[in-house]
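Trainee: These are the residues of each chain, in order.
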Amino acid sequence: MSTVPAPTSPTSPPAPSAAPRGVRTRAARAGVRRGLTEFDRSLHTAGDIGYYVVGAVAFAAVLWANRNGVQEDFGVATGVFLLPGVLAMIVVFTAAYGLATGVATEREDGTLLRAKSMPNGMTGYVVGWITRVTCEVGFVAALMMLAATAFTDGVWRSPSVLPLVLLLLVLGLVASVPLGFVVGSVFKNPRSVGGWGSLVMFALIAVSGLFAPAAALPGYLQVVGQVFPMYWLGHGLRSVLLPESAGAAELGGEFVLGAAVGVLALWALLGLLLAPVLLRRMARRESGSAVSARRDKALQRV
Amino acid sequence: MRFRGALEERVIQVEGLEMTYGTTRVLQGVDLHVGRGEVVVLLGPNGAGKSTTIEILEGFRMRSGGRVDVLGSDPAQAGEAWRARIGVVLQSWRDHSRWKVRSLLEQFGAYYAPYSVPGQPRPYPADELLERVGLTSHAHERVGSLSGGQRRRLDVAIGLVGRPELLFLDEPTAGFDPAARREFHEMVHDLSDVEDVSILLTTHDLSEAEKLADRILILDGGRIVADGSADELARRVAGVTEVLWRQDGQRHVHSAEADGTEFVRSLLATHPDVTELEVRRQTLEDTYLAMVARASDAAPLDPAAELAADPAAHHADSEALR
Numbered sequence: 000m001s002t003v004p005a006p007t008s009p010t011s012p013p014a015p016s017a018a019p020r021g022v023r024t025r026a027a028r029a030g031v032r033r034g035l036t037e038f039d040r041s042l043h044t045a046g047d048i049g050y051y052v053v054g055a056v057a058f059a060a061v062l063w064a065n066r067n068g069v070q071e072d073f074g075v076a077t078g079v080f081l082l083p084g085v086l087a088m089i090v091v092f093t094a095a096y097g098l099a100t101g102v103a104t105e106r107e108d109g110t111l112l113r114a115k116s117m118p119n120g121m122t123g124y125v126v127g128w129i130t131r132v133t134c135e136v137g138f139v140a141a142l143m144m145l146a147a148t149a150f151t152d153g154v155w156r157s158p159s160v161l162p163l164v165l166l167l168l169v170l171g172l173v174a175s176v177p178l179g180f181v182v183g184s185v186f187k188n189p190r191s192v193g194g195w196g197s198l199v200m201f202a203l204i205a206v207s208g209l210f211a212p213a214a215a216l217p218g219y220l221q222v223v224g225q226v227f228p229m230y231w232l233g234h235g236l237r238s239v240l241l242p243e244s245a246g247a248a249e250l251g252g253e254f255v256l257g258a259a260v261g262v263l264a265l266w267a268l269l270g271l272l273l274a275p276v277l278l279r280r281m282a283r284r285e286s287g288s289a290v291s292a293r294r295d296k297a298l299q300r301v
Numbered sequence: 000m001r002f003r004g005a006l007e008e009r010v011i012q013v014e015g016l017e018m019t020y021g022t023t024r025v026l027q028g029v030d031l032h033v034g035r036g037e038v039v040v041l042l043g044p045n046g047a048g049k050s051t052t053i054e055i056l057e058g059f060r061m062r063s064g065g066r067v068d069v070l071g072s073d074p075a076q077a078g079e080a081w082r083a084r085i086g087v088v089l090q091s092w093r094d095h096s097r098w099k100v101r102s103l104l105e106q107f108g109a110y111y112a113p114y115s116v117p118g119q120p121r122p123y124p125a126d127e128l129l130e131r132v133g134l135t136s137h138a139h140e141r142v143g144s145l146s147g148g149q150r151r152r153l154d155v156a157i158g159l160v161g162r163p164e165l166l167f168l169d170e171p172t173a174g175f176d177p178a179a180r181r182e183f184h185e186m187v188h189d190l191s192d193v194e195d196v197s198i199l200l201t202t203h204d205l206s207e208a209e210k211l212a213d214r215i216l217i218l219d220g221g222r223i224v225a226d227g228s229a230d231e232l233a234r235r236v237a238g239v240t241e242v243l244w245r246q247d248g249q250r251h252v253h254s255a256e257a258d259g260t261e262f263v264r265s266l267l268a269t270h271p272d273v274t275e276l277e278v279r280r281q282t283l284e285d286t287y288l289a290m291v292a293r294a295s296d297a298a299p300l301d302p303a304a305e306l307a308a309d310p311a312a313h314h315a316d317s318e319a320l321r
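As given, the protein sequences belong to chains A and B, one line each in that order. Residue numbering for the first sequence follows numbering that gives the first Met the number 0, beginning at 0 and increasing consecutively. Residue numbering for the second sequence follows numbering that gives the first Met the number 0, beginning at 0 and increasing consecutively.
Honestly, the hints are just simulated from the structure, not real lab data. Nothing here was measured: the structure is a model prediction, and the numbers come from that model. Among the clues, some could well be false.
Below, in silico cross-link-like pairs of lysine-lysine (BS3-like), each with a Cα-Cα straight-line distance of 30 Å or less [said to hold, decoys possible]:
(1) A:Lys187 to A:Lys296
(2) B:Lys99 to A:Lys187
(3) B:Lys99 to A:Lys296
Partner residues are not named here, just some residues of chain B that face chain A (Cβ under 7 Å, in silico) [what the hints assert, rightly or not]:
(4) Phe59
(5) Ser63
(6) Leu89
(7) Gln90
(8) Trp92
(9) Arg93
(10) Tyr110
(11) Ala255
(12) Glu256
Don't be surprised by glycine CBs; every beta carbon is placed ideally from N, CA and C.
Make a model of the complete structure from these sequences and hints.
Mentor: See the structure below:
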């Protein structure tokens, strides 16, 4: 610890009374850098890379095994038929479940409190998470699309497939992020997110008809499924990636891309309004002793 | 001992601070103040309310009652501009273990940049800060790979990155080796003397408190039971000087009044066979233990009056020890 000449004057400057201009914007930019660094660090962490690679390799293996398979009912290759569900799963798991676990973990290790101790740190924290899950979803979805392109025919049916898939992924992401923040702030620690949270997630996926048609579910579960964004994300992706005739298997008997986009946008809007409130509430309860109490509890359990 | 800040601008002013959890009164009317550029050390046994007090001052915890003013604002309502002027080093952090040291400092520094004002450029440049806490050679290492002491120094660096006017340090040197501890003490002196940073810190290391503090506050049972420099506190507890010697193969100890010189002079004059003479001024530890013991024994309604009245000497005169 060597001494550096102190550049400050002994008299203290007047305190800035109001927030300087553009403070929020600059905090948001710092948040984007934060998210990019988190993603970069994730790519340097063996466990995380394993998670990405295992998922992509598993999907590639399924595609390769079914490379000649055709879904007779809809007249599409099996790989294409699986793709919408896989993409929707990635979004939900990363942006809702992964985020919830991450936030719960970071409450416990003090990251959230650290954000709270910085001016506009919570803005940066939230933007950081959104940036990070966007990168992760983009990365994993790109891996899956590459695998699908390599082993299956008929993924790129028309020039509008890519922009529409991107639009739906972004909307699905923004609609799922608030769910992640809610779950992450409701449960007190990452272990209960892992337990109860994953139970909730699997239940949601089951009623959303991502892999088995929702039409096979009891009526009231169909209603529940249609309330949440996952159903509409899956529906939207199917309408883009599958031929129009496949719409017959949908709940309404046809694809309604407009409705899917509308519901997702509504969820996204709701989330953008709700997430800051929830996080403020969650952050208000954070203090050094709250963090150390949680740590002590976690250590006792081990 | 310096007494700067006593008459100057106060960066912290607390009156009648109350904190109640359910039916437990954790803080029972705490009064304290910190002047600009002052280093104030908050001592007290575990559970005395130190952390609660600091968390209220940091704006992390709502109080039950009393008046609190930190840098001209009430921490419970202060905004982000206020937050930019204080630095916080909590007891233990485990966050951001994947990040690299330097990029973490840069990330946090960015939040302070909009609050830069002439004479108080923010943030503190990352490289200078790393140099200052002795982590330059670890700039590109993962935070998670740092040793306990290095991690702590990084926490201090993060607390300083916004070039705070007021710094809260909660047991900052826990896990430091003696060299790192001394360097840290020099840094605290620099911050306070040269840069006029006001510092409120807690510690369990009483020699550290003695070295760093302009003023020491002892918090016990939810009240401030003592407020003064280490010397002032020592003078308020009787039996300030201990004189030890050996005579006829026996160890003797005597607790003298504030100054032991007179006792030693007469001892040597009347007992020429005294050997192994040792004169020990009362340490802060003795003072602290005496004050805390007394406060918990009596649970005084008026701590100041209680302190003045109680003689509480450790030893009777010329008590023989083994």
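Trainee: Classify the hint on Ser63 of chain B as holds or violated, based on whether any CB of chain A lies nearer than 7 Å to its CB.
Mentor: violated (15 Å)
Trainee: Regarding the pair Lys187 of chain A and Lys296 of chain A, is the alpha-carbon distance no greater than 30 Å?
Mentor: Holds, at roughly 11 Å.
Trainee: Given Trp92 of chain B as an interface hint, is the shortest Cβ-Cβ distance to chain A below 7 Å?
Mentor: Result: holds, 5 Å to nearest chain A Cβ.
Trainee: When you check the alpha-carbon spacing of Lys99 of chain B and Lys296 of chain A, does it fall within 30 Å?
Mentor: Measuring from Cα to Cα gives roughly 28 Å; hence the hint holds.
Trainee: Mind checking the CB of Leu89 of chain B against every CB in chain A and telling me if the closest is under 7 Å?
Mentor: Interface hint status for Leu89 of chain B: holds (4 Å vs cutoff 7 Å).
Trainee: If you draw a straight line from the CA of Lys99 of chain B to the CA of Lys187 of chain A, is it 30 Å or shorter?
Mentor: Satisfied, since the Cα-Cα distance of roughly 28 Å is no more than 30 Å.
Trainee: Using 7 Å as the Cβ threshold, decide whether Ala255 of chain B counts as touching chain A.
Mentor: Nearest chain A Cβ about 40 Å off; hint violated.
Trainee: Is the hint on Glu256 of chain B kept, meaning its closest Cβ partner in chain A is under 7 Å away?
Mentor: With Cβ-Cβ at 41 Å, over 7 Å, it is violated.
Trainee: Go through the hint on Gln90 of chain B and say holds or violated, using the shortest Cβ distance to chain A against 7 Å.
Mentor: Interface hint status for Gln90 of chain B: holds (6 Å vs cutoff 7 Å).
Trainee: Does Arg93 of chain B pass the interface check with chain A, least Cβ-Cβ distance below 7 Å?
Mentor: This interface hint holds because 4 Å falls under the 7 Å limit.
Trainee: Quick one, is the Tyr110 of chain B hint okay against chain A at 7 Å, beta carbons?
Mentor: The hint holds - Tyr110 of chain B has a Cβ within 7 Å of chain A, the shortest such distance being about 4 Å.
Trainee: Given Phe59 of chain B as an interface hint, is the shortest Cβ-Cβ distance to chain A below 7 Å?
Mentor: holds (4 Å)
When held up to the earlier numbered hints, the structure conflicts with 5, 11, 12 and fits the remainder.
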